[in-house]
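Protein sequence lines correspond, in order, to chains C and U. When the first sequence is numbered by full-length UniProt numbering, its final residue is 226 and no position is left out of the sequence of numbers. When the second sequence is numbered by full-length UniProt numbering, its final residue is 229 and no position is left out of the sequence of numbers.
No lab work stands behind these hints, which were simulated from the structure alone. From a predicted model like this one, the values you see are computed outputs, not experimental measurements. Among the hints, erroneous ones may be present.
Each pair of labels, with its calculated beta carbon distance range [as the list claims (entries may be wrong)]: (1) U:D210 <-> C:A214: 50 to 60 Å; (2) U:K134 <-> C:Q39: 25 to 35 Å; (3) U:T154 <-> C:G82: 31 to 41 Å; (4) C:K218 <-> U:F33: 46 to 56 Å; (5) U:K123 <-> C:H47: 22 to 32 Å.
Quick list of in silico lysine-lysine cross-link-like pairs, DSBU-like style, CA-CA up to 30 Å [said to hold, decoys possible]: (6) U:K105 <-> U:K122; (7) C:K207 <-> C:K25; (8) U:K54 <-> U:K203; (9) U:K53 <-> U:K27; (10) U:K7 <-> C:K134; (11) C:K106 <-> U:K41; (12) C:K63 <-> U:K147; (13) U:K7 <-> U:K203; (14) U:K185 <-> U:K142; (15) C:K134 <-> U:K53; (16) U:K7 <-> C:K106; (17) U:K195 <-> U:K174; (18) U:K54 <-> C:K127; (19) C:K53 <-> U:K122; (20) U:K105 <-> C:K106; (21) C:K106 <-> U:K53; (22) C:K41 <-> C:K218; (23) C:K25 <-> C:K205; (24) U:K37 <-> C:K106; (25) U:K134 <-> C:K53; (26) U:K123 <-> C:K109.
Covered stretches of chain C, going by a simulated chain U footprint (3 or more residues, C-beta under 8 Å) [stated by the list, open to error]: (27) 55-67; (28) 78-91; (29) 96-105.
From the three backbone atoms N, C-alpha and C, an ideal C-beta is built for every residue, glycine too.
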Amino acid sequence: MGEKGVKLFGTWASPFSLRVELALKLKGVEYEFMDEDLQNKSQELLHYNPITKKIPVLVHNGKPLAESTVIVEYVDEAWPNGYRIMPQDPFEKAQARFWAHFIEDKCLKAVFPVYTSTGEELNKAVKEAQETLKALEKALEGKKFFGGETIGYLDIVAGWMPYLIRMTEELAGVTVVDAGTLPLLNAWFDDFLDVDVVKSSLPPKDKLYAFNRARREKLQSGQKAH
Amino acid sequence: MASDDVKLIGAWASPYVMRPRIALNLKGVEYEFLEEKFGSKSELLLKSNPVYKKIPVLLHGGKPICESLIIVQYIDEAWSGHSILPSDPYHRAVARFWGHYIDDKWFPALTGISRAPTDEAKKEAIEQVFAGLKFLEEVLEKSGAGKPFFGGDTIGYIDIALGSHLGWLRATEKLSGLTYLDESKTPLLVCWAEKFSAHEAVKCVMPETDKLVEFAQMLKAKFSAPPSK
Numbered sequence: 001m002g003e004k005g006v007k008l009f010g011t012w013a014s015p016f017s018l019r020v021e022l023a024l025k026l027k028g029v030e031y032e033f034m035d036e037d038l039q040n041k042s043q044e045l046l047h048y049n050p051i052t053k054k055i056p057v058l059v060h061n062g063k064p065l066a067e068s069t070v071i072v073e074y075v076d077e078a079w080p081n082g083y084r085i086m087p088q089d090p091f092e093k094a095q096a097r098f099w100a101h102f103i104e105d106k107c108l109k110a111v112f113p114v115y116t117s118t119g120e121e122l123n124k125a126v127k128e129a130q131e132t133l134k135a136l137e138k139a140l141e142g143k144k145f146f147g148g149e150t151i152g153y154l155d156i157v158a159g160w161m162p163y164l165i166r167m168t169e170e171l172a173g174v175t176v177v178d179a180g181t182l183p184l185l186n187a188w189f190d191d192f193l194d195v196d197v198v199k200s201s202l203p204p205k206d207k208l209y210a211f212n213r214a215r216r217e218k219l220q221s222g223q224k225a226h
Numbered sequence: 001m002a003s004d005d006v007k008l009i010g011a012w013a014s015p016y017v018m019r020p021r022i023a024l025n026l027k028g029v030e031y032e033f034l035e036e037k038f039g040s041k042s043e044l045l046l047k048s049n050p051v052y053k054k055i056p057v058l059l060h061g062g063k064p065i066c067e068s069l070i071i072v073q074y075i076d077e078a079w080s081g082h083s084i085l086p087s088d089p090y091h092r093a094v095a096r097f098w099g100h101y102i103d104d105k106w107f108p109a110l111t112g113i114s115r116a117p118t119d120e121a122k123k124e125a126i127e128q129v130f131a132g133l134k135f136l137e138e139v140l141e142k143s144g145a146g147k148p149f150f151g152g153d154t155i156g157y158i159d160i161a162l163g164s165h166l167g168w169l170r171a172t173e174k175l176s177g178l179t180y181l182d183e184s185k186t187p188l189l190v191c192w193a194e195k196f197s198a199h200e201a202v203k204c205v206m207p208e209t210d211k212l213v214e215f216a217q218m219l220k221a222k223f224s225a226p227p228s229k
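Using the sequences provided together with the hints, build the complete structure.
The structure is reproduced here in structure tokens:
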């Protein structure tokens, strides 16, 4: 008690802590970012999240919260004035939460094999990823962003896709999302990456690519060893 | 009036279907229960939930809402009356966190026990189930101050998220011989489980343990029987 302010435990590379950063920045909330070493988690992090021990963790006036999508909704409710993150209408909210669940449940799992596979496996992974992502286009129909004219909750939750899928495409030498295969998502990628708060929040490209190049090689050599 | 038209597509044995039923009962909302036949999916279900093709699906004025905890939140927001989620943003977020934990970590550990490929994996899954229950016991203790439910004097979001699994938890105890809700380990949860199951919004939709055991045995026989040509 008595601890004031906002602290965010995350990592420079994590798309999950990035979600929370986007939300906080959209609200104009000042926060202290605690960059964690996931191989050597701080005592503070483990104290605030003894349940899952994962980042991101938001600590607001000493009270901790975990689970990035939960934290984003919290940020919208705790700072109710200013930028609107969640839709107003209960049905629209339910739709946004549904697609956020779909992204967490299916999309990350669908894209990861594109990141790790090679050869025939890679071609198969690309097709399956495209099939999964096609479903998500329904949420973009007739809109610039998932949130409408401006970015909202679902854009934030999906926000890892534009930069991480593009990076994966470059590292793996494939195309997953383009105007021919996934036109709505393709357009959204560009529009999302053009938003000021996104531009100023993304991890540095060179550092991210170097980190992922090394990580991908490690994972693939691990696979070959089998 | 179309906007008053409330339908729920579901099945008696599903813990996920129980959740919106409890929520609708708490709000005093009348609805039509459309029971899916085991082994097949209705046209309405496939049309209403094309992405997952799963129950439950709530149809409100013809508009579909999917995913049990999302439906529960929708019900809380669309109808006034009994508040399912707390009013304070922090406590709402804590409740949502536990909903995620129960569905993403705890319940998969429970179902993972029977599916564990090795003894080591089985032991780990069992430990996770007990660890999760211990965490939830602490949450109940903290939120409680002697209150019967996670929601305080009345049923709330966490009660619904966890309580909907009681049927299968009890069935699993009967089938495996292991006691998960153990008075010596989690006394508050044991007491809570009884009160929750007896609540008027719950007791009419909680499946009977013996029927679930029968259902599980039928499923096992069906899927382990040699395929017919």
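The hints, checked one at a time:
no.	hint	result
1	U:D210 <-> C:A214: 50 to 60 Å	holds, 56 Å
2	U:K134 <-> C:Q39: 25 to 35 Å	holds, 27 Å
3	U:T154 <-> C:G82: 31 to 41 Å	holds, 33 Å
4	C:K218 <-> U:F33: 46 to 56 Å	holds, 52 Å
5	U:K123 <-> C:H47: 22 to 32 Å	holds, 28 Å
6	U:K105 <-> U:K122	holds, 15 Å
7	C:K207 <-> C:K25	holds, 22 Å
8	U:K54 <-> U:K203	holds, 24 Å
9	U:K53 <-> U:K27	holds, 27 Å
10	U:K7 <-> C:K134	holds, 29 Å
11	C:K106 <-> U:K41	holds, 22 Å
12	C:K63 <-> U:K147	holds, 22 Å
13	U:K7 <-> U:K203	holds, 20 Å
14	U:K185 <-> U:K142	holds, 16 Å
15	C:K134 <-> U:K53	holds, 16 Å
16	U:K7 <-> C:K106	holds, 27 Å
17	U:K195 <-> U:K174	holds, 20 Å
18	U:K54 <-> C:K127	holds, 24 Å
19	C:K53 <-> U:K122	holds, 22 Å
20	U:K105 <-> C:K106	holds, 16 Å
21	C:K106 <-> U:K53	holds, 14 Å
22	C:K41 <-> C:K218	holds, 22 Å
23	C:K25 <-> C:K205	holds, 20 Å
24	U:K37 <-> C:K106	holds, 27 Å
25	U:K134 <-> C:K53	holds, 16 Å
26	U:K123 <-> C:K109	holds, 26 Å
27	55-67	holds (count 5)
28	78-91	holds (count 3)
29	96-105	holds (count 4)
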